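Protein chains in written order, with the numbering used here: chain P, 1 to 163; chain G, 1 to 121.
Think of the hints as simulated: they come from the structure by calculation, not from any bench. All figures in this text were calculated on a predicted structure; none of them were measured in a lab. One thing to keep in mind: the hints can contain errors.
With a straight-line cut-off of 25 angstroms between C-alpha atoms, the simulated PhoX-like cross-links for lysine-lysine are [said to hold, decoys possible]: (1) P:Lys7 with P:Lys59; (2) G:Lys88 with G:Lys77; (3) G:Lys119 with G:Lys77; (4) G:Lys119 with P:Lys59; (5) P:Lys120 with P:Lys59; (6) P:Lys101 with P:Lys82; (7) G:Lys119 with P:Lys50; (8) G:Lys88 with G:Lys119; (9) G:Lys88 with P:Lys50.
Now the stretches of chain P that chain G is said to cover, found in silico as 3 or more residues with beta-carbon under 8 angstroms [claimed, not checked]: (10) 45-58; (11) 113-119; (12) 149-159.
For glycine and all other residues, C-beta sits at the position ideal for the given N, C-alpha and C.
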Amino acid sequence: MEICRRKNQIEISELDPFLAELLRQIPSSANPEGEPAAERRIFSPPINGKQPEMCAEWKMYVEPELRRLFQTATETVGADLKQLNGNEQSLTNRTLRIPTKHSDAWLSALNQARLVIAAKNNFTELELSDHLRSPIGSRRDLSLFQVNFYGFLQEFILRELEC
Amino acid sequence: MTAKPLEAEVAVPLTSGIVRFMSAGPSTIGAPTIEKETRAEEALDLPWHVVVHNDPVNLMSYVTMVFQRVFGYPRDKAERHMLEVHQKGRSILWSGMRERAELYVQQLHGYLLLATIEKVT
Numbered sequence: 001m002e003i004c005r006r007k008n009q010i011e012i013s014e015l016d017p018f019l020a021e022l023l024r025q026i027p028s029s030a031n032p033e034g035e036p037a038a039e040r041r042i043f044s045p046p047i048n049g050k051q052p053e054m055c056a057e058w059k060m061y062v063e064p065e066l067r068r069l070f071q072t073a074t075e076t077v078g079a080d081l082k083q084l085n086g087n088e089q090s091l092t093n094r095t096l097r098i099p100t101k102h103s104d105a106w107l108s109a110l111n112q113a114r115l116v117i118a119a120k121n122n123f124t125e126l127e128l129s130d131h132l133r134s135p136i137g138s139r140r141d142l143s144l145f146q147v148n149f150y151g152f153l154q155e156f157i158l159r160e161l162e163c
Numbered sequence: 001m002t003a004k005p006l007e008a009e010v011a012v013p014l015t016s017g018i019v020r021f022m023s024a025g026p027s028t029i030g031a032p033t034i035e036k037e038t039r040a041e042e043a044l045d046l047p048w049h050v051v052v053h054n055d056p057v058n059l060m061s062y063v064t065m066v067f068q069r070v071f072g073y074p075r076d077k078a079e080r081h082m083l084e085v086h087q088k089g090r091s092i093l094w095s096g097m098r099e100r101a102e103l104y105v106q107q108l109h110g111y112l113l114l115a116t117i118e119k120v121t
């Protein structure tokens, strides 16, 4: 896989089917529904301690706005990922082009996905900092690889935003 | 002699803690119709902190970028706060009036950071 900036696009080329599939899973991985731990992380309370009135107002007025914001980001990413539609064979050496104007949506969706996967698997700080762990093994290892792969993409997009 | 009815003004507290004098309908009270603003008790109260808590998933570079965007901090200041979050588990990013603090926390949640408001003790 290669990743570089070309004019107003971030280009991810020479994608193998495995990485292409991980990319295609970003929108679904970012969805915390049905996972209480992930929901709690994505929609965390605005205040520590007992402030039921404030928390209730937050749930009523702010959370729906946040949900819309996060959904818009994953929809933008989902639309970009349509470039990768096709069967496994057609995914060999595919190229994904992300318009730089979609960078914020990608940063958000990648972050959502990383947080949801980490919450679902209850990853420890030690596991999250172990970047040499093999992706081949358990489902948990694969999820950890997914978190790290999405983190790598985030880092690249952030670097490009600074340029 | 009968005074011409004037529209009286009553103090209505708003969420910001500012009390605005508003019309309350006809009355015989001869109050001036000047609109005033006074500080409510809450506004004179202690300020609130915006606190960001550590999260091992969020990237350091991402957190720095969010601090720059939300608070307009220069990169070195944003990095100092990011490191404080990382090393000490939390950092106070801003202190001031509650309404503004809530707005900052809302923005930080929009970037998926763990942020809360805390009353200064």
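Against the structure, the hints:
1. P:Lys7 with P:Lys59: violated, 41 angstroms
2. G:Lys88 with G:Lys77: holds, 16 angstroms
3. G:Lys119 with G:Lys77: Holds, at roughly 23 angstroms.
4. G:Lys119 with P:Lys59: holds, 20 angstroms
5. P:Lys120 with P:Lys59: holds, 22 angstroms
6. P:Lys101 with P:Lys82: With a Cα-Cα distance of about 17 angstroms, the restraint between Lys101 (chain P) and Lys82 (chain P) holds, given a limit of 25 angstroms.
7. G:Lys119 with P:Lys50: Holds, at roughly 13 angstroms.
8. G:Lys88 with G:Lys119: Holds, at roughly 19 angstroms.
9. G:Lys88 with P:Lys50: Within the cut-off at roughly 24 angstroms; holds.
10. 45-58: Three-residue rule met by the stretch 45-58 of chain P, so holds; n is 4.
11. 113-119: Per the Cβ count (3), the hint holds.
12. 149-159: As far as the stretch 149-159 of chain P goes, the hint holds, because 5 residues have Cβ atoms under 8 angstroms from chain G.
Figure legend: structure checked against the earlier numbered hints; the only hint not met is number 1.
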